[in-house]
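Just so you know, the protein sequences line up as chains A and B, in that order. Using this note's numbering, the first residue of the first sequence is number 24, and each one after it goes up by one. Using this note's numbering, the first residue of the second sequence is number 255, and each one after it goes up by one.
For the record, the hints were derived by calculation from the structure and aren't laboratory data. Since the model is a prediction, treat every value here as computed from it, not as a measurement. Some hints here could point you the wrong way.
Claimed, not checked - Simulated restraints, written as ranges between beta carbons of each label pair: (1) A:99 <-> B:380: 44 to 50 Å; (2) A:165 <-> B:527: 17 to 23 Å; (3) A:102 <-> B:263: 57 to 63 Å; (4) A:44 <-> B:468: 42 to 48 Å.
What the hints assert, rightly or not - For the chain A half of the interface with chain B, some residues (derived, Cβ under 8 Å), not all of them: (5) 79; (6) 90; (7) 98; (8) 100; (9) 105; (10) 115; (11) 117; (12) 119; (13) 122; (14) 126; (15) 135; (16) 162; (17) 198; (18) 202.
We put the beta carbon where it would ideally sit given N, CA and C, even for glycine.
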Amino acid sequence: MSAPPPLVRLHAASFGYADRLVVGGVDLELHQGEVVALLGPNGSGKSTLVRGILGLTAHQGGDVELFGTARERFTEHTRIGYVPQRHSLSASVRATVTEIVEVGRLPHRPWWRPASREDRAIVREAIADVGLADRATEEVAALSGGQQRRVLIARALAGRPELLVMDEPTAGVDHESQEALAEVLQRLADRGTSMLIVTHELAALEAVVSRIVCLDSGHVDFDGDFAAYSAHVAGHSAGSGHHHPEDRVARSGHVIGAAPLDPAPRRRTS
Amino acid sequence: MNDILALDFMRQALLAALLAGFAAPLVGVFLVQRRMSLIGDGMGHVALAGVAVGVLTNSAPVLTALVGAVLAAVAIELIRASGRTSGDTALAVMFYGGIALGVVLIARSSAGTPATLTSYLFGAILTTTTGDIVVFAVLAAVVLATTLVLRPRFFAVANDEDYARALGMPVLGYNVVLAVLTAVTVVVSMRIVGLLLISALMILPNATSQLFARSFRSALWWAVAIGVACSVGGVVVSYYAETPSGGTIVLLAVAAFLLASTGAALGARARRAAHARSERHDHEHRPGCGHAAIEHGDHVDYLHDGHRHAAHEEHYDEHGPHTKVEPR
Chain A
24 MSAPPPLVRL HAASFGYADR LVVGGVDLEL HQGEVVALLG PNGSGKSTLV RGILGLTAHQ
84 GGDVELFGTA RERFTEHTRI GYVPQRHSLS ASVRATVTEI VEVGRLPHRP WWRPASREDR
144 AIVREAIADV GLADRATEEV AALSGGQQRR VLIARALAGR PELLVMDEPT AGVDHESQEA
204 LAEVLQRLAD RGTSMLIVTH ELAALEAVVS RIVCLDSGHV DFDGDFAAYS AHVAGHSAGS
264 GHHHPEDRVA RSGHVIGAAP LDPAPRRRTS
Chain B
255 MNDILALDFM RQALLAALLA GFAAPLVGVF LVQRRMSLIG DGMGHVALAG VAVGVLTNSA
315 PVLTALVGAV LAAVAIELIR ASGRTSGDTA LAVMFYGGIA LGVVLIARSS AGTPATLTSY
375 LFGAILTTTT GDIVVFAVLA AVVLATTLVL RPRFFAVAND EDYARALGMP VLGYNVVLAV
435 LTAVTVVVSM RIVGLLLISA LMILPNATSQ LFARSFRSAL WWAVAIGVAC SVGGVVVSYY
495 AETPSGGTIV LLAVAAFLLA STGAALGARA RRAAHARSER HDHEHRPGCG HAAIEHGDHV
555 DYLHDGHRHA AHEEHYDEHG PHTKVEPR
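Sequences are here, hints too, so could you generate the full structure?
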């Protein structure tokens with residue numbers, strides 16, 4: 024019996040915009056059960072890469088396969104959950120936590136069918152999974168930035184995905200919410216959910232990540248486990264004063280250790 | 255009221271008002287959500303060219319307006335989807351070209367008079383025929399059924415287009431359907447509110463309900479209730495006050511918005527007045543400061559001698575005594 028195909032397979036894949044290539048010639052495979060942290064300095068192409076995998080940024084060359092199917096022919100969108108890089112949810116109209124999370128269930132039913140009892144139960148479960156059960160009927164605009172991130176994760180979880188793709192889930196989130204997020208991700212990893220996480224705060228996710236991939240200027244610069252990554256960063260730091268872009272990641276992440284992002288109490292302005 | 259209901263044309267007018275008042279806010283909420291509140295206004299401009307073609311060729315202006323508005327709707331979404339910066343200019347050319355063409359064609363028509371033009375621009379419920387009402391009822395039924403069935407999809411796309419795309423949803427398709435429903439609503443409402451005022455009936459009830467509702471669902475149904483009340487109420491008032499129906503309906507919607515705004519402002523003021531500062535102390539609360547941190551809505555309270563303190567500008571607010579169950 025042959026092994027199942029990788030959840031994501033990139034071969035010489037390039038992504039970008041009409042006037043510029045951002046990620047060029049990337050080879051990468053992500054297998055069932057892996058939790059991959061995608062690191063890299065600002066502008067290295069991390070978000071472009073995950074958006075390219077999801078079909079949100081133009082595919083400009085090479086092969087992209089999802090669950091063994093070429094990206095262009097892939098239709099099993101329910102197998103992938105996406106948590107976008109957003110600092111806050113749109114406040115143009117009011118919406119509750121439940122109303123936002125319900126969106127994650129939509130691909131599981133045809134357009135003419137209303138939500139079933141099972142859909143509603145799964146939405147409640149996803150909200151409880153991220154620790155917001157007591158906030159389910161509250162407006163998302165009234166929640167903190169960290170809680171809003173958890174709403175976006177719950178929205179992705181409501182789709183019961185096999186692969187969760189997250190773009191900076193911990194960025195700009197207070198220390199308390201970072202810990203809550205790490206707990207959520209650990210529970211998902213324990214359940215066997217595979218993850219691809221773009222992050223700058225490796226320390227917050229250290230316990231859950233099984234593999235690290237570093238991007239630099241649109242190319243994969245490192246791919247390995249924690250031990251190899253530490254050696255990789257140490258090797259660069261021992262150089263002759265030349266600061267490799269990776270060092271910046273190391274300074275904010277695993278090797279040097281991250282400081283809590285929001286040590287002071289939040290001071291409201293109104 | 256019985257005297258109104260005894261009149262055939264007023265019964266028709268009230269029915270048309272009911273349909274427009276229901277359909278317009280139902281579609282309009284997604285325009286507000288997508289920050290496209292003025293798009294209905296643009297479609298009204300183009301619909302006038304359609305009306306003019308109908309007047310000029312002696313065919314049904316409602317149907318030619320429908321064709322014009324639907325073509326404009328599809329063009330708007332395709333131009334927006336192209337993402338070109340020149341798209342905004344293209345929309346302006348289309349909208350102003352539409353209304354200018356309408357004015358010129360109606361002036362050239364033998365049946366066209368300034369009164370004809372005014373009746374379409376600002377609404378003239380008394381000139382609505384039984385045939386018009388039947389067409390409006392059918393169109394309104396299509397708008398209501400489609401919007402109610404697709405509501406979760408429209409919400410998803412308007413809330414986060416990228417996410418909807420990642421879910422594999424046909425985002426452009428839903429946006430085109432919503433634009434066409436908006437165009438149909440413009441035509442359904444043009445006799446009662448007028449092409450220049452229709453956007454108000456789509457947007458103002460939603461703007462009003464957003465001031466006090468707590469969820470998308472409740473805001474939507476409140477908007478529909480306000481839309482129906484203003485629309486039907488406007489027709490009744492216009493009958494007794496002998497004022498144009500369109501302007502009267504929109505003025506009622508503006509009054510509802512101002513009333514709700516005032517209520518919301520007074521409520522916020524009362525809450526501010528109720529906010530109490532804690533006693534002065536030099537200690538600064540922070541994680542690990544020795545006081546328990548308790549998450550409270552969008553901020554963190556610190557438990558201080560049995561009281562909850564929350565940082566606020568340069569002082570701490572008193573958020574009451576601590577109980578085991580967190581106040582919601």
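How the hints compare with the structure:
One distance hint, 44 to 50 Å for the beta-carbon pair residue 99 (chain A) and residue 380 (chain B), is violated here, with the actual separation near 57 Å. In this structure the supplied range 17 to 23 Å holds for residue 165 (chain A) paired with residue 527 (chain B), their Cβ-Cβ distance being about 20 Å. Remark: the range hint 57 to 63 Å for residue 102 (chain A) to residue 263 (chain B) is upheld by a beta-carbon distance near 59 Å. For the pair residue 44 (chain A) and residue 468 (chain B), the supplied restraint of 42 to 48 Å holds, since their beta-carbon distance comes to about 46 Å.
Nearest Cβ of chain B to the Cβ of residue 79 (chain A): about 6 Å, under the 8 Å cut. The hint holds. The closest approach between the C-beta of residue 90 (chain A) and any C-beta of chain B is roughly 13 Å, which is over the 8 Å cut-off, so the hint fails. Checking residue 98 (chain A) against chain B by beta carbon gives a least distance of about 7 Å; that is within 8 Å, so the hint holds. The closest approach between the C-beta of residue 100 (chain A) and any C-beta of chain B is roughly 3 Å, which is under the 8 Å cut-off, so the hint is satisfied.
For the restraint placing residue 105 (chain A) at the interface with chain B, the shortest Cβ-Cβ distance is roughly 4 Å, inside the 8 Å limit, so the hint holds. Contact between residue 115 (chain A) and chain B, as hinted, is supported at the beta carbon level, the nearest pair being about 5 Å apart and thus within 8 Å. With a least beta-carbon distance of about 5 Å to chain B, the hint placing residue 117 (chain A) at the interface is held under the 8 Å criterion. At about 4 Å, the closest approach between the beta carbon of residue 119 (chain A) and any beta carbon in chain B falls short of 8 Å, and the interface hint on this residue holds.
Proximity of residue 122 (chain A) to chain B holds as hinted, the smallest CB-CB distance being about 5 Å (cut-off 8 Å). Taking 8 Å as the C-beta cut-off, the interface hint given for residue 126 (chain A) holds, the closest approach to chain B being about 4 Å. About 6 Å separates the beta-carbon of residue 135 (chain A) from the nearest beta-carbon of chain B, less than 8 Å, and the hint is met. With its C-beta approaching chain B no nearer than about 6 Å, residue 162 (chain A) sits inside the 8 Å limit, and its interface hint holds.
At its closest, the beta carbon of residue 198 (chain A) sits 6 Å from a beta carbon of chain B; the interface hint therefore holds under the 8 Å criterion. At about 11 Å, the closest approach between the beta carbon of residue 202 (chain A) and any beta carbon in chain B exceeds 8 Å, and the interface hint on this residue is violated.
Checked against the numbered hints above, the structure breaks hints 1, 6 and 18 and satisfies the rest.
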